[in-house]
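Student: Sequence:
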Amino acid sequence: MKVAGFSFIRNAVLFDYPIVEAITSVLPLCDEFVVAVGESDDDTLQLIQSIPSDKIRIIHTVWDQSAQSHAGGRVLAQETDKALAAVSADADWAFYIQGDEVLHEDSIPVVREAMQTYQNDKNVEGLLFNYVHFYGSYSYVGDSRRWYRREIRVIRNTGNVASYKDAQGFRTRDNQKLKIKLIDAYIYHYGWVKPPETQKKRLRYANRFWHRADTIEQAHQSLETFDYSGIDSLAPFTGKHPAVMQPRVDRQNWQFSFDTRQKKYSPRVRFLTFIEKLTGWRIGEYKNYKMA
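Taking the numbering used here, I'd label the letters of the sequence shown as residues 130 to 421.
It is worth saying that the hints were derived from the structure and are not from the lab.
Incorrect hints may have been included.
Computed spacing ranges between beta-carbons, pair by pair [as the list claims (entries may be wrong)]:
#, residue 1, residue 2, range
1, Pro157, Gln194, 33 to 41 Å
2, Gln248, Asp388, 46 to 54 Å
3, Asp303, Lys131, 22 to 30 Å
4, Gly201, Thr287, 19 to 27 Å
5, Gly201, Arg380, 31 to 39 Å
6, Arg241, Lys369, 18 to 26 Å
Each computed EDC-like pair below joins lysine to aspartate or glutamate, with the alpha-carbon atoms no more than 20 Å apart [said to hold, decoys possible]:
#, residue 1, residue 2
7, Lys211, Asp303
8, Lys306, Asp250
9, Lys306, Asp210
10, Lys211, Glu168
11, Lys330, Asp171
12, Lys393, Asp361
13, Lys184, Glu161
14, Lys393, Glu405
15, Lys416, Asp313
16, Lys131, Asp219
17, Lys251, Asp221
18, Lys310, Glu242
19, Lys416, Asp272
20, Lys329, Asp170
21, Lys329, Asp145
22, Lys131, Asp160
23, Lys131, Glu161
24, Lys330, Asp145
25, Lys184, Asp219
26, Lys369, Asp235
27, Lys211, Asp221
28, Lys330, Asp170
29, Lys369, Asp272
30, Lys294, Asp210
31, Lys419, Asp303
32, Lys419, Asp313
33, Lys369, Glu234
Positions of the beta carbon are idealized from the N, C-alpha and C atoms, including for glycine.
Given only the sequences and the hints, what does the whole structure look like? Please build it.
Tutor: What follows is the structure, given as structure tokens:
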């Protein structure tokens with residue numbers, strides 16, 4: 130069984146992406162790892178080159194700046210597809226990790242076993258992972274309906290799979306949902322944990338891939354830093370972070386506290402949340418996949 134990892138990144142230093150931790154977290158599962166490094170305004174290329182592994186293969190890309198590519202975050206899917214296209218054709222599975230995601234080391238045996246179990250079952254086109262979304266600091270996680278619970282991160286390397294919409298998930302090239310198996314493995318998402326001033330810079334930059342420039346300027350001109358306090362609901366994180374993330378956790382140099390008893394829900398969301406807590410069923414949940 131051959132496994133390839135793949136990812137894309139741009140301006141990782143400028144916007145404090147844990148891309149080194151992301152790549153490092155999945156390397157134990159991979160025979161090779163392709164990184165599409167976009168032309169950057171910082172030392173992103175040198176950062177990736179500094180990872181001490183001969184499994185890593187870098188491809189150099191230039192992001193499409195056209196309005197069409199920016200609409201709906203499409204350029205992110207384009208960059209994902211560039212990395213996927215560079216994966217060796219003889220790889221059985223391809224493991225996708227984004228620049229702010231980290232696989233917990235406790236999940237490595239689970240992922241490896243699942244890939245081995247379904248290696249010859251062509252009906253299984255991907256593996257679905259659970260998500261833990263951190264917000265504001267390394268001590269809180271999002272627990273409301275606004276956070277997606279699961280997403281595909283391992284796909285069968287058939288050449289017939291493409292990144293979907295803004296690169297959150299995948300579909301076949303003829304736009305069919307992938308048939309997947311849910312596994313008991315966890316991706317930790319750290320995109321909403323940065324110093325407030327860095328978070329504002331990141332959002333101002335990233336929003337260009339979804340919104341018009343004048344709309345972005347109006348939304349950000351009144352704030353010097355990002356205000357984390359507007360979130361609807363958070364829960365305390367009581368587990369342990371992936372080992373590769375612990376140095377970042379220890380370096381946190383800003384303060385954020387949140388009263389986890391408060392729930393800023395509309396009556397409708399409050400009812401839907403009650404049903405989910407009671408039954409585990411998330412009514413109306415977005416599912417870009419089919420169970421195999």
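Student: For every hint, state whether the structure bears it out.
Tutor: Hint-by-hint comparison with the structure:
| no. | hint | verdict |
| --- | --- | --- |
| 1 | Pro157 with Gln194: 33 to 41 Å | holds, 36 Å |
| 2 | Gln248 with Asp388: 46 to 54 Å | holds, 48 Å |
| 3 | Asp303 with Lys131: 22 to 30 Å | holds, 26 Å |
| 4 | Gly201 with Thr287: 19 to 27 Å | holds, 25 Å |
| 5 | Gly201 with Arg380: 31 to 39 Å | holds, 34 Å |
| 6 | Arg241 with Lys369: 18 to 26 Å | holds, 20 Å |
| 7 | Lys211 with Asp303 | holds, 18 Å |
| 8 | Lys306 with Asp250 | holds, 17 Å |
| 9 | Lys306 with Asp210 | holds, 17 Å |
| 10 | Lys211 with Glu168 | holds, 14 Å |
| 11 | Lys330 with Asp171 | holds, 14 Å |
| 12 | Lys393 with Asp361 | holds, 5 Å |
| 13 | Lys184 with Glu161 | holds, 4 Å |
| 14 | Lys393 with Glu405 | holds, 16 Å |
| 15 | Lys416 with Asp313 | holds, 17 Å |
| 16 | Lys131 with Asp219 | holds, 7 Å |
| 17 | Lys251 with Asp221 | holds, 11 Å |
| 18 | Lys310 with Glu242 | holds, 12 Å |
| 19 | Lys416 with Asp272 | holds, 18 Å |
| 20 | Lys329 with Asp170 | holds, 17 Å |
| 21 | Lys329 with Asp145 | holds, 12 Å |
| 22 | Lys131 with Asp160 | holds, 6 Å |
| 23 | Lys131 with Glu161 | holds, 9 Å |
| 24 | Lys330 with Asp145 | holds, 10 Å |
| 25 | Lys184 with Asp219 | holds, 15 Å |
| 26 | Lys369 with Asp235 | holds, 10 Å |
| 27 | Lys211 with Asp221 | holds, 18 Å |
| 28 | Lys330 with Asp170 | holds, 13 Å |
| 29 | Lys369 with Asp272 | holds, 17 Å |
| 30 | Lys294 with Asp210 | holds, 11 Å |
| 31 | Lys419 with Asp303 | holds, 15 Å |
| 32 | Lys419 with Asp313 | holds, 17 Å |
| 33 | Lys369 with Glu234 | holds, 11 Å |
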